[in-house]
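Number of protein chains: 2
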Amino acid sequence: MYQAMTSLGFAAETHHNEQFALSGAPKGASVLVLGAGLAGMTAAYELRRAGYKVKVLEYNAKAGGRCWSLRGGDRYTELGGATQECRFDEGNYLNPGPWRIPYHHHAVLAYCKRFGVKLEPFIQVNYNALVHSTEAFGGKPKRHREVQADFQGHVAELLGKAVNQGALDQSLTVEDREKLFESLRAWGALDHDGNYRKNMESSLRRGFAVDAGGGLMPLAEPSEPIDRQALIDSGLWKKLIDGQEYEYQSSIFQPVGGMDMIAKAFERETGEMIRYGSKVTRIDQNEQGVTVTYKNSDGSGEAMQDKADWCVCTLPLSILSQIPVSVSQSMQDAIRAVPYDSSVKIGLQFKRRFWEEDEHIYGGISYTNTPIEKISYPSTDYGKSGKAVLLGAYVWGPNAYEFTAMSPEQRVKKAVEYGALLHAQYPEEFDNGIAVGWHRVPWAQGCYGMWSEDSREKHYRNLCQIDGRIVLAGEHASYIPAWMEGAILSSLDAIKRLHTHAVATQRAA
Amino acid sequence: MYQAMTSLGFAAETHHNEQFALSGAPKGASVLVLGAGLAGMTAAYELRRAGYKVKVLEYNAKAGGRCWSLRGGDRYTELGGATQECRFDEGNYLNPGPWRIPYHHHAVLAYCKRFGVKLEPFIQVNYNALVHSTEAFGGKPKRHREVQADFQGHVAELLGKAVNQGALDQSLTVEDREKLFESLRAWGALDHDGNYRKNMESSLRRGFAVDAGGGLMPLAEPSEPIDRQALIDSGLWKKLIDGQEYEYQSSIFQPVGGMDMIAKAFERETGEMIRYGSKVTRIDQNEQGVTVTYKNSDGSGEAMQDKADWCVCTLPLSILSQIPVSVSQSMQDAIRAVPYDSSVKIGLQFKRRFWEEDEHIYGGISYTNTPIEKISYPSTDYGKSGKAVLLGAYVWGPNAYEFTAMSPEQRVKKAVEYGALLHAQYPEEFDNGIAVGWHRVPWAQGCYGMWSEDSREKHYRNLCQIDGRIVLAGEHASYIPAWMEGAILSSLDAIKRLHTHAVATQRAA
Chain H
1 MYQAMTSLGF AAETHHNEQF ALSGAPKGAS VLVLGAGLAG MTAAYELRRA GYKVKVLEYN
61 AKAGGRCWSL RGGDRYTELG GATQECRFDE GNYLNPGPWR IPYHHHAVLA YCKRFGVKLE
121 PFIQVNYNAL VHSTEAFGGK PKRHREVQAD FQGHVAELLG KAVNQGALDQ SLTVEDREKL
181 FESLRAWGAL DHDGNYRKNM ESSLRRGFAV DAGGGLMPLA EPSEPIDRQA LIDSGLWKKL
241 IDGQEYEYQS SIFQPVGGMD MIAKAFERET GEMIRYGSKV TRIDQNEQGV TVTYKNSDGS
301 GEAMQDKADW CVCTLPLSIL SQIPVSVSQS MQDAIRAVPY DSSVKIGLQF KRRFWEEDEH
361 IYGGISYTNT PIEKISYPST DYGKSGKAVL LGAYVWGPNA YEFTAMSPEQ RVKKAVEYGA
421 LLHAQYPEEF DNGIAVGWHR VPWAQGCYGM WSEDSREKHY RNLCQIDGRI VLAGEHASYI
481 PAWMEGAILS SLDAIKRLHT HAVATQRAA
Chain V
1 MYQAMTSLGF AAETHHNEQF ALSGAPKGAS VLVLGAGLAG MTAAYELRRA GYKVKVLEYN
61 AKAGGRCWSL RGGDRYTELG GATQECRFDE GNYLNPGPWR IPYHHHAVLA YCKRFGVKLE
121 PFIQVNYNAL VHSTEAFGGK PKRHREVQAD FQGHVAELLG KAVNQGALDQ SLTVEDREKL
181 FESLRAWGAL DHDGNYRKNM ESSLRRGFAV DAGGGLMPLA EPSEPIDRQA LIDSGLWKKL
241 IDGQEYEYQS SIFQPVGGMD MIAKAFERET GEMIRYGSKV TRIDQNEQGV TVTYKNSDGS
301 GEAMQDKADW CVCTLPLSIL SQIPVSVSQS MQDAIRAVPY DSSVKIGLQF KRRFWEEDEH
361 IYGGISYTNT PIEKISYPST DYGKSGKAVL LGAYVWGPNA YEFTAMSPEQ RVKKAVEYGA
421 LLHAQYPEEF DNGIAVGWHR VPWAQGCYGM WSEDSREKHY RNLCQIDGRI VLAGEHASYI
481 PAWMEGAILS SLDAIKRLHT HAVATQRAA
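So the sequence lines, in the order shown, correspond to chains H and V.
Numbering-wise (UniProt numbering), the first sequence opens with residue 1 and increments by one.
Numbering-wise (UniProt numbering), the second sequence opens with residue 1 and increments by one.
Okay, chain H solo, but in the shape it has when bound (with noise of 0.2 angstroms):
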């Protein structure tokens, strides 16, 4: 099957095997693993499996780490000291963190089939969403769609005008010229002439300003798409790019129910294992073995250790740099020299789906340049009557540092105002909210690490490298960071080294 696959040129394009499994753990051997996020409960799953004796410590009282979800009822504190209680209707949720699974990340999907989660469409693209610049066209939305239709028409016609200029007849032939300008048109909705403009071509691409009906209703009304150079200072195109990178192109998935359904499929698999409510404070290790040393994450009771052959280490980079651990220098440079991006998302719960029932917006992304950056409305439940939440707001960069100084409320506050330069229906709607900051996150302070090219470079292989019997995962030592796949994959690569070489030490000894 597969020699048929690649005969039709289908190579392998990823580093996931289905078929991972570790086997023949030395006798006895035992593994820490500091963290129960995902990184954590797949090194926890599969050392044991493999036949190790397990532990992991985790700070929380549940499972998953940035896997999350937070539903009515869930109270969070962050960091400073507020506390928010979701109040959210049954059914709605928030993922705080990873939100969208695309259909290359092998690993996430592997398992997600293996441990029976479902998974649904996740609607990244929406062309009747909107695209907002308080810059551009008076501050009035535009739909995707226009800009989609407009932004490929226009460069088509001016390509189309190039090419019968004779402009770039050095690259082209008679006959490649006429093939490009034929593509042209269709590619761009041209008329014959190679013009883009008002006609049912490019209505059909941008819509109508009356769409066709039935019976004698009135005829179809062609729409006037946006000017071109308008369209270009609008910098409105931008937006539509997102949809088209490998990272967020269709398919792309949700889990039915909330992200933190992939936490809880997990952690019904590696729960036994793990110890909740555990602050890690301190790891050491010698030749013999590893000890760590933590205590209640609510403070009580004393100091505690653990102690076991091996550790996996998935605690994000920006907890870890707070902790002494007994690592090589190079290790240590690593561990210190990749600071953790800031981002803010908020959850808006409104009465009603007025973004369905007013605007015909069903799942999808609206773009904005204020702070709030994107509204994504829910990708499931079409027409359903009753509250529903959407996502707010995601902010990111200087703005996200400014949101996460706000009050929870304030933040909120905030997400509505400006969505409200989207969608009038806002402040009447408006039911209530939940925001999460990343920096005030307690066990994470941030969102994810951010690697610089240069960073890269000097501590990579560093951070990734077994340091004598500790060995470190999560997506900060992943090419892929901030994904759940990049988690995973650093987790599945660090523990087949790991192995590899616990099996060479028992042997050596």
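These are computed hints drawn from the structure, not numbers from a lab.
Don't take every hint at face value.
Just so you know, same-sequence chains aren't split out, so a pair can sit in one copy or run between any two.
In the SDA-like style, the derived pairs of lysine to any residue whose C-alpha atoms are separated by at most 25 angstroms in a straight line are [said to hold, decoys possible]:
#1 K351 x R114
#2 K140 x A405
#3 K179 x A167
#4 K198 x Q170
#5 K27 x S171
#6 K374 x N195
#7 K55 x P218
#8 K374 x E267
#9 K198 x N296
#10 K118 x R100
#11 K27 x R228
#12 K118 x G91
#13 K351 x N199
Given chain H's structure and the hints, the job is docking chain V onto it.
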């Protein structure tokens, strides 16, 4: 609220008024509706709400017409007598007729909401699906994302060069040129100098030769773009346009469980008005009313007659043109002026979801220049074990006539043969199939009314006018041919006019 919406620039785009409701039927007025497809059931539902006495005559043993799903255990006998028994496993189905609902088909969506039909995303565009031509690249399929990224990249590069060569000077200022060039770089994933070439940027659109990984896995490797001229010559880029067209743009939906969930929902509301198994043989009218002659579809019993004040006839013109109807010559001419298009759909059940398991194609459509045209993978139940059904052929034009002429078994065999050019697993994994050629569907004899510009001009208004006491409705009496939206809007418009006329007639009397 509506005021606020329009102030943001979202005018109503549709003729469908969600508050549509007729009221005040003339006392005792009756309507005969012919055909219990969506147009007929819409008419029956709304006219009864308005106070009319309604009866519906339907040829089949169930309602829905072309809004139809085939499931395991269903038997279907086509013209010519061939009977197929569907042998799909539980949960699998083929929609021989409509299979998608665009976001702007407001009438369909509104009835789905009103009648509680649960919708889910239909995946139209899948960047990991295949684009195939026997004439290009030695018959080896490309991935959608490769063709998409490369076509766009090459176009951007060419236009960027033309811009920088000053070829378009007359239409662009220096500043405009710079802005355009910058936008093309971003949009086309060009390098700093404006070249579309093998590098990380282009691979972040078209995919990598080796994906990024975790830990110390091998580094990502960029992939090689398809040569520009070879790509243009291949024609594969034509297939990308589908997903940009108004009718197929995301978001686009399907009912959970099969398209006939819509038919069943309408049937729940109107079923008690329907007489099933009724073949209309004659439609007469005079100044007092309409008389419809019919017999049992199975040929049993004597001819029967029903009388009513008014008649809404939703029979396809392919059928109606074979029945004596007492309408004006101009409507007679219109009824005979519209040929019906030919199409064949083939559902194939496979032993497993190899397209997901081996090739990571989750939903969406692969395109081919072979007669099957499309392979559409299920948009739901990703990762599910067991047998699954895909749309293995959607044949049009001359090929559809050829397929319709074959036996159902031959059609299925052909679909498997052609599909194997895209998926080598086909022969080994094929389980069973079912094939519907629309020209052999007894009650439709074609798939939809195919208007030309000329026939619209001459006949459309004559077809849609109320003729005495008879009005026609259905997708054929709309500007949205072949779509359920056309059928419903046509019906709403027809009954609105009929109701006004009926009330006026009563007042005059």
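Results of checking the hints against the structure:
Taking the shortest Cα distances, K351 and R114 sit within 25 angstroms of each other only across copies (19 angstroms), while inside one copy they are farther apart (37 angstroms). Taking the shortest alpha-carbon separations for K140 and A405, neither the intra-copy value of 30 angstroms nor the inter-copy value of 55 angstroms comes in at or below 25 angstroms. Taking the shortest Cα distances, K179 and A167 sit within 25 angstroms of each other both inside one copy (15 angstroms) and across copies (20 angstroms). For the identical chains of this complex, K198 and Q170 are inter-copy neighbours only, at 22 angstroms across copies versus 33 angstroms inside a copy, given an alpha-carbon limit of 25 angstroms.
With identical chains, the CA atoms of K27 and S171 are never at most 25 angstroms apart, being 68 angstroms at best within one copy and 77 angstroms at best between copies. Taking the shortest Cα distances, K374 and N195 never come within 25 angstroms of each other, neither inside one copy (33 angstroms) nor across copies (31 angstroms). Taking the closest pair of Cα atoms, K55 and P218 never come within 25 angstroms of each other, the shortest separation being 71 angstroms inside a single copy and 30 angstroms across copies. Within a single copy, K374 and E267 get their C-alpha atoms no closer than 31 angstroms, and across copies no closer than 41 angstroms, so neither meets the 25 angstroms cut-off.
Taking the shortest Cα distances, K198 and N296 never come within 25 angstroms of each other, neither inside one copy (67 angstroms) nor across copies (52 angstroms). Proximity of K118 and R100 under a CA criterion of 25 angstroms is satisfied in both settings, with 13 angstroms inside one chain copy and 23 angstroms between copies. When the C-alpha separation of K27 and R228 is checked against a cutoff of 25 angstroms, the pair qualifies neither within a copy, at 70 angstroms, nor between copies, at 59 angstroms. For the homomeric pair K118 and G91, the shortest alpha-carbon distances inside one copy (15 angstroms) and between copies (16 angstroms) are both at most 25 angstroms.
Taking CA atoms no more than 25 angstroms apart as the test, K351 paired with N199 passes in neither setting, with 39 angstroms inside one copy and 47 angstroms between copies.
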